[in-house]
Amino acid sequence: MTRLKSASVLLILLIFTVSCIKDIDFDQIDDLTFATPLSVSFVYVEVDQSVFLDANNQEISHVIDESDIQIIDFLSHAEDNVITIVTYLTNTIDREFVIEYEFYDAQNQLVMISDSMLIQPNSTNLTYEMSYTYAQLENVTRVRTSIRMLPGVPLRPLLDRNLSIDSTINMNYEY
Amino acid sequence: MSIRFLNYHSSILLVFLSLSLSAQNLINTYDFANLPQSLLSNPSYDVSSDLFITVPVTGNQLVVGSSGIELYDVFADNTIPIEQKLKEAIYEMSVKDAFLFNQKNELIHIGYKLDRKTFLSFGFYEELDFYSNFPKSMSELFYEGTTQVSKRYTIDNYAFQADMLGVFHVGIQKHIDDSWNIGARLKLYSGVFNAKSSNNSGYVYTDLGADNVYRHGLSTVDVNLQTSGVIYDDYDFVSSSYILKKLALSGNKGLGIDLGFTYYHDYNLTVSGSITDLGVLFNTHDVQTFQVLGNFQTEGIGLEFDPDNPVDYWENLEDDFNQSVDYSEDENNYISWRPIQLNTFAKYSFEKICRLQLSWRS
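Protein chains in written order, with the numbering used here: chain A, 1 to 175; chain B, 1001 to 1362.
Don't read these hints as lab results, they were simulated from the structure. Heads up, some of the hints might be wrong.
Here are the simulated DMTMM-like pairs of lysine to aspartate or glutamate, each with C-alpha atoms no more than 20 Å apart in a straight line [to be verified]:
hint	chain 1	residue 1	chain 2	residue 2
1	B	K1136	B	D1156
2	B	K1151	B	D1222
3	B	K1117	B	D1046
4	A	K22	B	D1073
5	B	K1245	B	D1234
6	B	K1087	A	E129
7	A	K22	B	E1088
8	B	K1087	A	E174
9	B	K1196	B	D1330
10	B	K1087	A	D31
11	B	K1085	A	E174
12	B	K1136	B	E1083
13	B	K1196	B	D1277
14	B	K1085	A	D23
15	B	K1196	B	D1129
16	B	K1096	B	D1077
17	B	K1117	B	D1050
18	B	K1136	B	D1178
19	B	K1085	A	D25
20	B	K1085	A	D27
21	B	K1136	B	D1222
22	B	K1104	B	E1126
23	B	K1113	B	D1178
24	B	K1245	B	D1156
25	B	K1113	B	D1156
26	B	K1117	B	D1177
27	B	K1087	A	E79
28	B	K1347	B	D1046
29	B	K1087	B	E1140
30	B	K1085	A	E66
31	B	K1253	B	E1083
32	A	K22	B	E1070
33	A	K22	B	D1077
34	B	K1085	B	E1140
35	B	K1136	B	D1073
36	B	K1085	A	D31
37	B	K1087	A	D27
38	B	K1087	A	D25
Given the structure is predicted, the values throughout are model-derived calculations rather than measurements.
Can you make the complete structure from the sequences, with help from the hints?
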């Protein structure tokens, strides 16, 4: 009986000394990549009708404004090489507008022009998505926003009407 | 059970124990009887020999630990992509979790009994330490980016410290009486490098914008990083001989102390405690510290379409950022505290085994 008791104690202790080692594979670290989803505010515009009228109340059909952008190195980390510009348009003016982005390099040479974005009179929250590769944008240092007002009914500058452009740059930052 | 029976079966058990282990664990030298290395855990421990000389050289000790995450959580050999496993593990962790790495290589340790009651020991070892609490919020930022509107990604209370140093030590163990031993060990540190960051605060956020789709911002950011022996213009000169020189007293200097006691209540009960690496390192070589302080927010570039007043929008954005967020670098010396370790221990030996111990002590 004593021997049986001793053997039982030893067996129980032995069970606790055996551990299961789970299979692990450290080589998986070679496959590890991170991609942070980014949606970052880009350019925004809020202009009223007076922008499209000169000092003599004559219509100006084409207005532009531009800015340097120095984020091209940042864009080189785009996952799958895809960079998307999403533009949200709201127009309470009684005219149609065509909006385009023009991309220029450091020598002020035009690199490319985005697709034209058309917005009807009195339209809200119209969305345009345009995707580019890093190769298309890698030499870009300046962006010009061009707004063309299409022919239509005369502007009524006394009314509070405006054109609003909001935009973001979307990409997955990979590293 | 007789002692002879216990010894026989204990030996068999030990054989099975050693056969069943397929991974290495750090040998816990605390209270590891008769092992000179136990003096490094508690300078008051009894050493039975009159003289010892140990030259481990290649005797590395390694401790790697984390709370809230296991290696298997990330590296399990299954079909789940590692990115998914890592993300799930990170989201399971909390701000209270931490990571720890400690490597110690003892080169030489000599001990000598000065008299019946006093034991002197001295030696040298190299140590590499890393500690970091888990930056949960900022880790989630890596996965979520700017997609979570109104969420605050904070760096509050994030801290880490890493250093590598050589330690020259000399210790005294004093046998007060049959019940009490006390001990102390003086340490002279020679630091190869140090990097630390603490008392950080602030957060990054994305909210819905008033003028554009989003407003992105840094709020009440106060982030610092102190380094010594880490940042150079080039690293061609960094070699094993360079590191050895730094380890051997040409690096940053520091002082530390270990204190310990052992109390033999009776033949069965032993209580001991120690505090080790109560010390400080004075970082004066190749120091570079960085700090970022301030608030900033932007909704992108707001075009005005005013040809009479052209605006350099990007320059304005940069100026606004530089005025709002102060980035500074300096080379001011700083102090870093060694990671203090507190050990407490209690042991009760059953009577028959204790008689064996009694004969050994006398």
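Each hint tested on the structure:
{"no.": "1", "hint": "K1136(B) - D1156(B)", "in the structure": "holds (10 Å)"}
{"no.": "2", "hint": "K1151(B) - D1222(B)", "in the structure": "holds (19 Å)"}
{"no.": "3", "hint": "K1117(B) - D1046(B)", "in the structure": "holds (10 Å)"}
{"no.": "4", "hint": "K22(A) - D1073(B)", "in the structure": "holds (11 Å)"}
{"no.": "5", "hint": "K1245(B) - D1234(B)", "in the structure": "holds (19 Å)"}
{"no.": "6", "hint": "K1087(B) - E129(A)", "in the structure": "violated (30 Å)"}
{"no.": "7", "hint": "K22(A) - E1088(B)", "in the structure": "holds (19 Å)"}
{"no.": "8", "hint": "K1087(B) - E174(A)", "in the structure": "holds (15 Å)"}
{"no.": "9", "hint": "K1196(B) - D1330(B)", "in the structure": "holds (15 Å)"}
{"no.": "10", "hint": "K1087(B) - D31(A)", "in the structure": "holds (14 Å)"}
{"no.": "11", "hint": "K1085(B) - E174(A)", "in the structure": "holds (18 Å)"}
{"no.": "12", "hint": "K1136(B) - E1083(B)", "in the structure": "holds (16 Å)"}
{"no.": "13", "hint": "K1196(B) - D1277(B)", "in the structure": "holds (17 Å)"}
{"no.": "14", "hint": "K1085(B) - D23(A)", "in the structure": "holds (15 Å)"}
{"no.": "15", "hint": "K1196(B) - D1129(B)", "in the structure": "holds (11 Å)"}
{"no.": "16", "hint": "K1096(B) - D1077(B)", "in the structure": "violated (28 Å)"}
{"no.": "17", "hint": "K1117(B) - D1050(B)", "in the structure": "holds (11 Å)"}
{"no.": "18", "hint": "K1136(B) - D1178(B)", "in the structure": "violated (51 Å)"}
{"no.": "19", "hint": "K1085(B) - D25(A)", "in the structure": "holds (13 Å)"}
{"no.": "20", "hint": "K1085(B) - D27(A)", "in the structure": "holds (14 Å)"}
{"no.": "21", "hint": "K1136(B) - D1222(B)", "in the structure": "holds (18 Å)"}
{"no.": "22", "hint": "K1104(B) - E1126(B)", "in the structure": "holds (6 Å)"}
{"no.": "23", "hint": "K1113(B) - D1178(B)", "in the structure": "holds (17 Å)"}
{"no.": "24", "hint": "K1245(B) - D1156(B)", "in the structure": "violated (37 Å)"}
{"no.": "25", "hint": "K1113(B) - D1156(B)", "in the structure": "violated (51 Å)"}
{"no.": "26", "hint": "K1117(B) - D1177(B)", "in the structure": "holds (8 Å)"}
{"no.": "27", "hint": "K1087(B) - E79(A)", "in the structure": "holds (18 Å)"}
{"no.": "28", "hint": "K1347(B) - D1046(B)", "in the structure": "holds (15 Å)"}
{"no.": "29", "hint": "K1087(B) - E1140(B)", "in the structure": "holds (9 Å)"}
{"no.": "30", "hint": "K1085(B) - E66(A)", "in the structure": "violated (45 Å)"}
{"no.": "31", "hint": "K1253(B) - E1083(B)", "in the structure": "violated (42 Å)"}
{"no.": "32", "hint": "K22(A) - E1070(B)", "in the structure": "holds (11 Å)"}
{"no.": "33", "hint": "K22(A) - D1077(B)", "in the structure": "holds (9 Å)"}
{"no.": "34", "hint": "K1085(B) - E1140(B)", "in the structure": "holds (14 Å)"}
{"no.": "35", "hint": "K1136(B) - D1073(B)", "in the structure": "holds (17 Å)"}
{"no.": "36", "hint": "K1085(B) - D31(A)", "in the structure": "holds (12 Å)"}
{"no.": "37", "hint": "K1087(B) - D27(A)", "in the structure": "holds (18 Å)"}
{"no.": "38", "hint": "K1087(B) - D25(A)", "in the structure": "holds (17 Å)"}
Violated hints, in rising order: 6, 16, 18, 24, 25, 30 and 31; the structure is consistent with all others.
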